[in-house]
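Peer 1: Sequence:
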Amino acid sequence: MDAFFAAAEQAAKPSLRGKPVVVGGLGPRGVVATASYEARRFGVHSAMPMGQARRLAPNAAYLVPRFAFYRSISEQVMRLLGSLSPLVEPLSLDEAFVDLEAGGVADDTASARAVGERLRADILATTGLTGSVGLAGSKMLAKIASEEAKPDGLVLMEPGTERALLGPKSVRILPGVGPATGEHLRRAGMTTVSDLAEAGEDELVRLLGRAHGASLYRMARGHDDRPVVAERDAKSVSVEDTFAVDLHDRVRIRGEVERLAERCVGRLRASGHSGRTIVLKVRRFDFSTLTRSETLRGPTDALGVVREAAGRLLDSVDTTGGVRLLGVGVSGLADYTQEDLFAQEQEREREGGAEERAGGAEAAPVAPEAVAAAEPAERSWAPGHDVRHAVYGAGWVQGSGLGRVTVRFEEPGSAPGRVRTFAVDDPELAAGEAVPLVRGPVPGEGPSAGGAAPSPAADRGDAPGLAAGTGSPPRRP
Numbered sequence: 004m005d006a007f008f009a010a011a012e013q014a015a016k017p018s019l020r021g022k023p024v025v026v027g028g029l030g031p032r033g034v035v036a037t038a039s040y041e042a043r044r045f046g047v048h049s050a051m052p053m054g055q056a057r058r059l060a061p062n063a064a065y066l067v068p069r070f071a072f073y074r075s076i077s078e079q080v081m082r083l084l085g086s087l088s089p090l091v092e093p094l095s096l097d098e099a100f101v102d103l104e105a106g107g108v109a110d111d112t113a114s115a116r117a118v119g120e121r122l123r124a125d126i127l128a129t130t131g132l133t134g135s136v137g138l139a140g141s142k143m144l145a146k147i148a149s150e151e152a153k154p155d156g157l158v159l160m161e162p163g164t165e166r167a168l169l170g171p172k173s174v175r176i177l178p179g180v181g182p183a184t185g186e187h188l189r190r191a192g193m194t195t196v197s198d199l200a201e202a203g204e205d206e207l208v209r210l211l212g213r214a215h216g217a218s219l220y221r222m223a224r225g226h227d228d229r230p231v232v233a234e235r236d237a238k239s240v241s242v243e244d245t246f247a248v249d250l251h252d253r254v255r256i257r258g259e260v261e262r263l264a265e266r267c268v269g270r271l272r273a274s275g276h277s278g279r280t281i282v283l284k285v286r287r288f289d290f291s292t293l294t295r296s297e298t299l300r301g302p303t304d305a306l307g308v309v310r311e312a313a314g315r316l317l318d319s320v321d322t323t324g325g326v327r328l329l330g331v332g333v334s335g336l337a338d339y340t341q342e343d344l345f346a347q348e349q350e351r352e353r354e355g356g357a358e359e360r361a362g363g364a365e366a367a368p369v370a371p372e373a374v375a376a377a378e379p380a381e382r383s384w385a386p387g388h389d390v391r392h393a394v395y396g397a398g399w400v401q402g403s404g405l406g407r408v409t410v411r412f413e414e415p416g417s418a419p420g421r422v423r424t425f426a427v428d429d430p431e432l433a434a435g436e437a438v439p440l441v442r443g444p445v446p447g448e449g450p451s452a453g454g455a456a457p458s459p460a461a462d463r464g465d466a467p468g469l470a471a472g473t474g475s476p477p478r479r480p
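Every position in the sequence shown, counted from 1, becomes a number in our numbering once 3 is added.
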């Protein structure tokens with residue numbers, strides 16, 4: 004998908020179409036998640052500190068992410084991809100590989116191009132957003148082709164042209180070449196893919212080691228035999244928060260760890276797993292990061308067990324200088340077992356009893372007064388979030404402060420809406436739900452989906468199957 008988060012916000016908010024939009028954390032330590040193409044013209048890009056982005060594009064719209072909204076769009080796109088092949092490998096919410104040969108596709112480039120164009124049309128009709136498609140004989144080449152296709156295009160890498168197309172490109176375009184490896188290669192006089200191919204395998208192995216050097220040499224010659232993997236088994240589940248201001252109060256820190264444990268367990272249960280190892284991550288005031296873990300006797304998804312283990316791990320960490328980030332995770336994942344279920348049931352009984360004595364529900368661990376006092380005002384309005392007014396209907400928050408909140412009332416299918424300002428505690432203003440970008444049937448779910456289209460497959464050279472990639476330029480697989 005093209006500039007996914009920002010494009011989704013522009014589609015949802017008519018007044019932002021054609022204007023620079025930046026999505027990410029808006030606090031002092033916030034980072035850009037996605038920038039619209041209009042914002043990129045000012046030099047704003049993903050992973051940039053938000054403060055720097057504001058200096059480069061002071062007049063852009065800065066919005067916090069709405070992940071539930073983006074996830075719902077992603078699910079629509081993944082269903083469309085699933086109609087083409089049983090082998091779909093998601094890389095992120097906005098990016099995936101598809102093995103079209105596994106869908107019984109025709110072995111010619113014309114069919115591949117036809118289905119690629121149909122996929123782009125279906126994505127637009129289903130979501131109201133554009134996607135770019137790269138077609139090639141391997142995952143690496145399909146990824147590169149999709150980046151070449153952006154925005155809103157399709158590139159098919161013809162068999163036999165791979166080395167000529169790759170040669171002049173930066174070594175950073177290859178999987179596994181990050182900033183450190185790229186700098187190491189630059190110091191050795193290698194800046195382009197053709198430099199790697201000409202250096203030879205022995206030289207790359209000498210520089211980077213046997214596994215990395217040999218793999219990089221093959222990729223520089225256009226060879227990538229990695230298969231498309233339909234499902235990736237999760238190795239861990241974790242959540243973390245970075246705080247706008249360092250936390251010093253130990254009670255507040257413990258309260259945050261408990262809340263993170265609750266969120267982590269929610270994700271763990273949603274994934275259908277339990278886990279044996281509880282992990283606590285603490286980044287201190289000096290940017291040093293500490294990780295502590297505790298392995299249980301058996302797998303669990305019990306909130307009380309995870310919360311208590313995270314608390315014990317916190318006891319072993321010195322936080323007197325302040326804490327910038329906290330994270331709680333569970334690893335060593337397993338499917339539910341009978342023994343696990345018995346242990347969970349006993350723990351839930353203990354959980355329930357403790358919560359009943361405290362007068363709280365499972366979803367709301369009791370917070371000491373010191374924590375409650377440190378929390379922000381009950382009603383806070385983040386820029387970009389959906390709201391609904393009893394009189395004016397659906398809208399979104401443009402900004403808030405000094406006890407006031409400014410809302411623009413518009414929907415995806417409307418003209419740019421009017422702006423009104425309310426008190427932050429206005430009883431007629433409430434949090435709202437995202438309005439779908441497109442109303443009506445989903446092309447990928449109708450009888451014409453998938454099978455009625457020509458089945459695509461490009462000529463594959465030495466690759467085991469065709470991979471069609473759709474993705475966003477800032478992130479690599």
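If you're looking for bench data, these hints aren't it; they were derived computationally from the structure.
Note that the structure is predicted; figures quoted are calculated from it, not measured.
It cannot be assumed that every hint is accurate.
Claimed, not checked - Simulated crosslink set (DSSO-like; lysine-lysine; CA at most 30 angstroms straight-line):
#1 Lys238 with Lys172
#2 Lys22 with Lys153
#3 Lys172 with Lys153
Said to hold, decoys possible - Label-pair ranges, simulated between beta-carbon atoms:
#4 Ala167 with Arg421: 52 to 60 angstroms
#5 Ala167 with Gly212: 49 to 57 angstroms
#6 Arg224 with Gly301: 44 to 52 angstroms
#7 Asp228 with Glu436: 22 to 30 angstroms
#8 Gly324 with Ala191: 57 to 65 angstroms
#9 Arg423 with Leu293: 23 to 31 angstroms
#10 Pro182 with Glu431: 46 to 54 angstroms
#11 Ser241 with Asn62: 34 to 42 angstroms
#12 Gly314 with Ala71: 26 to 34 angstroms
#13 Arg421 with Asp318: 48 to 56 angstroms
#14 Pro61 with Thr424: 43 to 51 angstroms
#15 Gly203 with Val232: 46 to 54 angstroms
#16 Asp428 with Glu78: 53 to 61 angstroms
The beta carbon of each residue, even a glycine, is placed where N, CA and C say it ideally should be.
Peer 1: For each hint, tell me whether it holds in the structure or not.
Peer 2: Here is what the structure says about each hint:
Simply put, Lys238 and Lys172 have alpha-carbon atoms about 34 angstroms apart, too far for the 30 angstroms limit, and the pair is violated. Between Lys22 and Lys153 the CA atoms are separated by roughly 18 angstroms; this keeps the pair inside 30 angstroms, and the hint holds. Restraint check for Lys172 and Lys153: the C-alpha separation of about 16 angstroms stays at or below 30 angstroms, so the hint holds. As the Cβ distance of Ala167 to Arg421 is approximately 55 angstroms, the hint placing it in 52 to 60 angstroms holds.
Take Ala167 and Gly212: their Cβ atoms lie about 29 angstroms apart, and the range 49 to 57 angstroms is violated. For Arg224 and Gly301, the Cβ-Cβ distance of about 48 angstroms falls inside the hinted range of 44 to 52 angstroms, so the restraint holds. Checked against the hint of 22 to 30 angstroms, the C-beta distance between Asp228 and Glu436 comes to roughly 45 angstroms, which is inconsistent with it. A beta carbon spacing of about 40 angstroms between Gly324 and Ala191 contradicts the range 57 to 65 angstroms that was offered as a hint.
Separation of Arg423 from Leu293 is about 47 angstroms and departs from the stated range, judged on CB atoms against 23 to 31 angstroms. Distance hint for Pro182 and Glu431: a CB-CB separation of about 50 angstroms, consistent with the stated range 46 to 54 angstroms. As the Cβ distance of Ser241 to Asn62 is approximately 36 angstroms, the hint placing it in 34 to 42 angstroms holds. Distance hint for Gly314 and Ala71: a CB-CB separation of about 29 angstroms, consistent with the stated range 26 to 34 angstroms.
For the pair Arg421 and Asp318, the supplied restraint of 48 to 56 angstroms holds, since their beta-carbon distance comes to about 54 angstroms. Between Pro61 and Thr424 the beta carbons are some 22 angstroms apart, a value that contradicts the proposed interval 43 to 51 angstroms. Distance hint check: the CB atoms of Gly203 and Val232 are about 31 angstroms apart, inconsistent with the given range 46 to 54 angstroms. Roughly 35 angstroms separates the CB atoms of Asp428 and Glu78, a value that falls outside the hinted 53 to 61 angstroms.
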